[in-house]
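Produce the complete structure using the sequences and hints provided.
Line by line, the protein sequences give chains A and B. Positions 1 to 468 (the numbering used here) are the ones given, in order, by the first sequence. Positions 469 to 957 (the numbering used here) are the ones given, in order, by the second sequence.
It should be emphasised that the hints constitute simulated quantities derived from the structure, not laboratory data. Honestly, I wouldn't trust all of these hints.
Claimed, not checked - Partial list, computed: chain B residues near chain A (C-beta under 10 Å):
| hint | residue |
| --- | --- |
| 1 | L533 |
| 2 | V555 |
| 3 | H758 |
Unchecked claim - Taking beta-carbon pairs under 8 Å as the criterion, some of the chain A residues facing chain B (in silico):
| hint | residue |
| --- | --- |
| 4 | T53 |
| 5 | P55 |
| 6 | N90 |
| 7 | L197 |
| 8 | R231 |
| 9 | C257 |
| 10 | E269 |
| 11 | Y272 |
| 12 | C389 |
| 13 | P403 |
| 14 | V407 |
| 15 | Q427 |
| 16 | L432 |
| 17 | R433 |
Keep in mind the model is a prediction, meaning the values are calculated, not measured. Here a beta-carbon is modelled for each residue, glycine too, at the ideal position from N, C-alpha and C.
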Amino acid sequence: MESQSQVLERLRTAFESRVTIPEKFRRTQLTNLMSMIKDNEEQIVNALHKDLTKPKFEAILSEVEIVMNELHCALSNLTSWMQPEYVSKNLATKLDECFVRREPLGVVLIIGPWNYPMQLLIVPLIGAIAAGNCVVIKPSEVSAATDNLITELIPKYLSKDCYAVVRGGAKETQALLKNRFDHIFYTGSQAVARVVLQAAAVHLTPVTLELGGKCPCLIYGRVNATAAAHRLVWSKFFNAGQSCVAPDYVLCSKATCDALVPALRQVLEDFYGSDIQKSPDMSRIVTPKHWTRLMGLLNRTKGKVVVGGEHDEKDRYIAPTVVVDVTEDDALMEEEIFGPILPILTIESLEESIKLTKTKEKPLAFYVFSDESSVVKKVLENSSSGGFCSNDGIVHMALPGLPFGGVGNSGFGHYHGHWGFEAFSHQRAVMLRGWALEKLNALRYPPYSDEKLSWLRWTTSPKSCSIM
Amino acid sequence: MSRQQLAVQRARKSFQTGKTKPLESRIHQLRNLLRFVTERRKDIAEAVKKDLSKSEHGTELFETLGVVGEIKLAIEKLAEWAAPRPVEKSLLTISDEVFVHPEPLGVVLIIGAWNYPWAVTLQPLVGAIAAGNAAVIKPSEVCCHSAKVMEELLPRYLDKDLYPVVTGGVPETQELLRQRFDHIFYTGSSAVGKLVMEAAARNLTPVTLELGGKSPCYIDKNCDITVACRRITWGKFVNCGQTCIAPDYVLCEPSIQSRVQEEIKNCIKEFYTDDPKTFEDYGRIINKRHFKRIMALMEGSTVVVGGDSDESQCYIAPTVLKNVTGESKVMKEEIFGPLLPIITVSGVDEAIQFINEREKPLVIYVFSNENKLIKRVIAETSSGALLANDCLVHFTVSSLPFGGVGHSGMGCYHGRYGFDQLSHMRSCLIKQLKMEGVNSMRYPPHTAKKLGWARFFLLKQINLGRLRRMMLLAMFVGVASFVVQRFLR
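Structure representation (structure tokens):
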């Protein structure tokens, strides 16, 4: 079996041979990736079910279709993405060609997480391939069945010289990070992100970090409680709450809470039936360790469980649970929950709620439910987060036109669609001058003078072009 | 609490009041910065003269002209840059608002360099202010006179709390780097760049690194060698070679080597007279440490032009070296001084190979009459930027991103790029709570039928442009057939 350094050497040699540069090559690889997904949809769904008991519907929507969508987007737009971008000039440079060229970075590393092990590995891969790089793919060992499947399928469909899967746990990942990459794309936790950044600093490698955080969900003003409950339940309990953009906690007034809780209870029954553990549409917690962590939070909470609370250790099952009377210093407010527990904090005023969210780290997503646009506007203008969505959850990340990424503790950099192509490209400024007008250049040569200077002030100002 | 902690805390508190949000307040600060640069022209020029022996004209040309341009551009374009940017929608979000909202990051740290102490400190500041951030400004202590003027005078023009100037050496910079920022913008060496990135890692702070490298300059035998050498001489010896984008070394075929040497020699004489030491428009090395460093680099190479020096003045004459190979001392590090080595190569193939064996530079220069050759160099190399048939001037085009790649840096700025670099591009989806019926296809209990609909509807992108065109076409066909039927029967 190849060592990590042998893999890297092979990929670097391939990149230096410039095989990934032509558009045709990138198209072929993307098309093959599409075939990989299409041909193996059933195996993908099965692997995800093994890892997370992911319902087929969720697997198709959030791991297959979203990837196919991104592939379609890349294939439709690759030609235009690869075109040089001509830019405006000043008078002194009017006769020159000035453009920005998107160029591949080289050999990049993509480290995937376990919660959406296909999507969060393959969508960045699409951007990296489209941008012309060679890629080392490191799937999460926690979602073991998907890890196995990806390791088996990638070499079958993609060029073995340019794309390699490297497997392993923390030790192997640390060893991998000692190598020099031209970009590292990491999705996961803040703790590991620090390790990734420190390793990247040694080689001056640029990084994209897709992390998480506690995504708040504010519900204020006039609200259609039933519609809100539907969307809140769907986005919270999708993948059993194990989504980086799941609404983590709710802030609302007592009256809203009193109207919301029965609505949530009803929707949960409509969605999953009266015995949720028996529903094929509810996922499980990924590992016993995470199950124990979540049960710990539930046991330590000082709030009141009003919906759910049932659990089964052997099945790694925790019922969709709603906890009210939660305060700021509760166990459930300590860290990102990443599970099917929804705390509701009762705060009477919108202003107080906004104030509370400002005391916390910037999250990946920020949600507000309200029929009043002034409420939505107020929250948008008084918060900071990776993304923002009103009156729904999660769906903003399914639009390839929107950059998906965090800010502050929730990460930096972004991808999806064109943004993914840019994330893995170098924007190279190119300027092609002619030989003429050397007399004009004399203005800049020593000996310097006031007269020369005033001409230069005029010819290099961006405004001077508008005269022409 | 240390001075640095205090400055950062005050800046954050001030930022949190929201006073940088309104565009008018940002423009107000930018106008103040413009006033500073114009009103204090003399103070700035005097400081740079003491630091780098740069003439007043030289300072205006290479430091303040660029800053003024950037400020004016930012003032003019701010409304456009800061406006929400609409985005393509999907079939299902067709009635929703979907846009990217540029937002300030918070408190930015700007660490300046000593070679163009005003340009590389104030130009990032323009981007920071325009994007609505607070900014802690840390000028390089090596250009001590400029740092002093910045510390004393800038607070008289800009908001003291939002844009504090914090001076100091290595320990003070380290203390500053221990604080938490929302972005760090560093201009300087790759070695320190690594330390900055490492410090930033602790707080997961994104960084922009404007570093350096050895920028190669290939002269093809098929070009106007006289003009090429004029432009190269100018680009090299501005600021005594202490420019991150100076042509570091020249690559050319042996057949033109003597001609190149001769032309450069003539240009040096033309630009800087027979005695550059006494000439006002020729500068000095920043300090003795760099003077000694640069002098040591000449070891092992042959001086063909210049070579003389005066340690007491940190003066090194414009110098050209030959008999230089890839292993020579002068090729081991970025020169950052007035030494121009000429290395012979058999042609563009070897030149490309030579360049690719080394770290990616901030810029690659190529001089040639042949477009094909230039295109080859573009296609087969990588660098921050590429400029054909001139030196340095790409820096003045604010619509071009200025930045490095690999060891020459990450991120970019100038013009809109500076604004974008120091903003957070927040994705926004504004939905209504109505049309709930449509959502039912995504809710459990999941059925095969729902899945079919969901696959079609939920994620499909639509090309609004094309849809509109198709609708227009359909309308046109409808109207045309109506007209035909009604009037042309």
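Hint-by-hint comparison with the structure:
no., hint, verdict
1, L533, "6 Å, holds"
2, V555, "4 Å, holds"
3, H758, "22 Å, violated"
4, T53, "14 Å, violated"
5, P55, "6 Å, holds"
6, N90, "7 Å, holds"
7, L197, "4 Å, holds"
8, R231, "7 Å, holds"
9, C257, "18 Å, violated"
10, E269, "11 Å, violated"
11, Y272, "6 Å, holds"
12, C389, "5 Å, holds"
13, P403, "5 Å, holds"
14, V407, "4 Å, holds"
15, Q427, "5 Å, holds"
16, L432, "5 Å, holds"
17, R433, "4 Å, holds"
In summary, the numbered hints that this structure violates are 3, 4, 9 and 10.
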